[in-house]
Amino acid sequence: MYHMFSLYTAGCFLHAAQWKSNCTNLLTYRTSIRCFHASPETLAWKKEPEALGLKIQKKGKFKKRTKDSSPPVEAPYVPPKLKRAASSSLSDRTVEIFEGMTIVELAKRCGVSIPVVQDILKNVGEKVDSEYDPLSIDISELVAMEIGVNVRRLHSNEGAEVLPRPPVVTVMGHVDHGKTSLLDALRLTSVAAKEAGGITQHLGAFVVGMSSGASITFLDTPGHAAFSAMRQRGAAVTDIVVLVVAADDGVMPQTLEAMSHAKAADVPIVVAVNKCDKPAANPEKVKIQLATEGLALEEMGGDIQVVEVSAVTKTGLDKLEEALLLQAEMMDLKSRVDGPAQAYVVEARVDRGRGPLATAIVKAGTLVCGQHVVVGAEWGKIRAIRDMLGKSTDRARPAMPVEIEGLKGLPMAGDDIIVVHSEERARMLSAGRKKKFEKDRLGRKMDAEKLGSLVSESNLEDEEGEVEEKPKRVEMTIIVKADVQGTVQAVTDSLKSLDSPQVFVNIVHGGVGPISESDVDLAQACGAFIVGFSIPTPPGSINQAANKAGIKIKIHRVIYHLLEDIGNSIVEKAPGTFETQVSGEAQILSIFELKGRSKAKGDDVKIAGCRVIDGRLIRSSTMRLLRSGEVVFEGSCASLKREKQDVEAVGKGNECGLVIQNWDDFKVGDVIQCLEQVNRKPKFISSQSGAVRIEC
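In UniProt numbering, the protein residues as written are 1 to 696.
I should point out that these hints are in silico values taken from the structure, not numbers from a laboratory. Mixed in with the good hints, there may be bad ones.
[To be verified] Derived pair list, reagent style DSBU-like, types lysine-lysine, alpha-carbon separation capped at 35 Å: (1) 334 / 108; (2) 408 / 434; (3) 319 / 263; (4) 381 / 363; (5) 573 / 595; (6) 445 / 334; (7) 122 / 445; (8) 434 / 334; (9) 408 / 435; (10) 108 / 278; (11) 552 / 408; (12) 287 / 263.
Please read these numbers as outputs of a predicted model, since none were measured by experiment.
When you get a sec, could you build the whole thing from the sequences and use the hints?
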């Protein structure tokens, strides 16, 4: 029994030993497998990393930041540097802003970080709590201008009272096609007769009550080529364009320009074929010309209405009224009536008693007397509102043309009018816009100077080795004064178009109002003369001061006469180009030779006996000898005689004796040309459409 127990115990120990041995082998096997698959980086933690050629990054030591308990130091505001690509030009970029825009949205649209916008907001005095706080549209514009981008305001009609409004109709067309006469026939007035020269030279706005009881706001634009900017402003603010074409003249350059302005503004067109009472009228020819230029007329399957009218006999006016009201009804014109107004300046002028005045058309909202407004870069508080008849009113509703008074400065025609809630905000917006305008102007000037330097360098490289001298370019300095801002712009643009390679027209100043002593002082300082258009004649004291300083003052009331006068002055001041031209030709009939002359008189001389066949021969000119059509010699004339008498010139059909210096190889039949240096001046050219230019 004991023996069996011993055998059992020994067997158990044997099994245990075998089990332990197997476990040890298994662990060794598993360890070898794990070590076989381990990377050198894993093994490096147990050994030296440098021994395996590895570089293990060591953990750095971090220091705890100490909080600065010192009070903040007051320092002047430094605008943050905007991080943007050098190739992107923010001055040409336009972003849309609206009321209630958040800081995040504004920063995203302007292309800057949120902290930059927050710093600018602190600079303008706005409290910043969160980046999702809504901003007013005025503050958004200030921030955008500080960043350097242009803005376009978006206004919402949500929650506002929207009512139908009268249409705004702009009358456009070529000069002298009867636009103003047609409007006179509609409102039973005579404005065309009061215009200087019988042509419209201002942009007029007025309301016409139709026979049906409806009212239409009309804008009358000039048709002369010089007033292109006025026509563009008229098309930008209008709902419908009435294209007036004379039935006896057809489609002309300003007609095509008016069509392009209307298409660019996406405004529907109604064609009025005027002067149908004339014997030479041909309305069908006009319709074909308009269709050729791309107008889809109703008679040809399009949607553009055509009405035949006559301003003289007042025929077809009821059909024109019906066409305009039908077009307005199809457009379903409505505008917001309550809330701050949005208006558009169509003209601006300075009145001696009332100061700067702006003619505007309200697009939406109501303009109320006493409100603070910002007009372009100018601001002010509306002191008075007058309609086009001169009657005072306390408010102006949509599509109503009015004249506002109370601005601090003269705005530019085409500026938007926005209403702000305080004088401080108006001042701030005005200052920001002036700063932005000046910055953009300097940027454009620098770009132009860089472009000019590049062009001059390229010209110098191209002209290396050329000896011919170019004529010197002189400068004509001009100061422009006119009755309204739009006319100043039109006259300035027209005078700048008279630039030529020989004369540079430099407009140093353009202003609204009569000529003053400061204008004379400025003209004397820069050597300019003063051009006045549609302004009263200056008083005797100013004329006397101008005459004493040698300053010319030119006053005109018709744009044709002004451009012609200035064009002739440019031609007179131009240095011109010297050209060689043939002033006369003579043919050699016989040759005479003087021999045996004394030493005092010189060697033997050969005289060419000639007959002048064209022009005249001048002794002081250069002579060119032609033989069989080829140039043989050129030289000065040593002697010119007629009937043994020395003469200075010989005319056509006369005979003479001629000696050319350093040449005696004459042959019968040779032709002698007389070469003369002539200074050729540029020409002033005026086209039938009214466009002018200087041709060199």
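Can the restraint linking residue 408 and residue 435 be considered satisfied, given a maximum Cα separation of 35 Å? holds (17 Å)
Check whether the Cα positions of residue 434 and residue 334 lie no farther apart than 35 Å. holds (34 Å)
Below or equal to 35 Å on CA atoms is what counts here, so check residue 287 against residue 263. holds (18 Å)
Is residue 573 within 35 Å of residue 595, Cα to Cα? violated (53 Å)
Take a quick look at whether residue 108 and residue 278 sit within 35 Å of each other, Cα to Cα. violated (62 Å)
Hinted pair, alpha-carbon criterion (35 Å max): residue 319, residue 263. Please report holds or violated. holds (24 Å)
Does residue 334 lie within 35 Å of residue 445 when you go C-alpha to C-alpha? violated (43 Å)
Can you confirm whether the C-alpha distance between residue 408 and residue 434 stays at or below 35 Å? Answer holds: residue 408 to residue 434 is near 13 Å, not above 35 Å.
Pair hint residue 334 and residue 108, alpha-carbon separation not exceeding 35 Å: Holds, at about 33 Å.
Satisfaction of hint between residue 445 and residue 122, Cα-Cα up to 35 Å: holds (32 Å)
Would you check the hint for residue 381 and residue 363, treating anything up to 35 Å between C-alpha atoms as holding? holds (19 Å)
Would you check the hint for residue 552 and residue 408, treating anything up to 35 Å between C-alpha atoms as holding? Since the Cα atoms of residue 552 and residue 408 sit roughly 31 Å apart, the hinted pair holds (cutoff 35 Å).
Of the numbered hints given earlier, the model fails hints 5, 6 and 10; all others are met.
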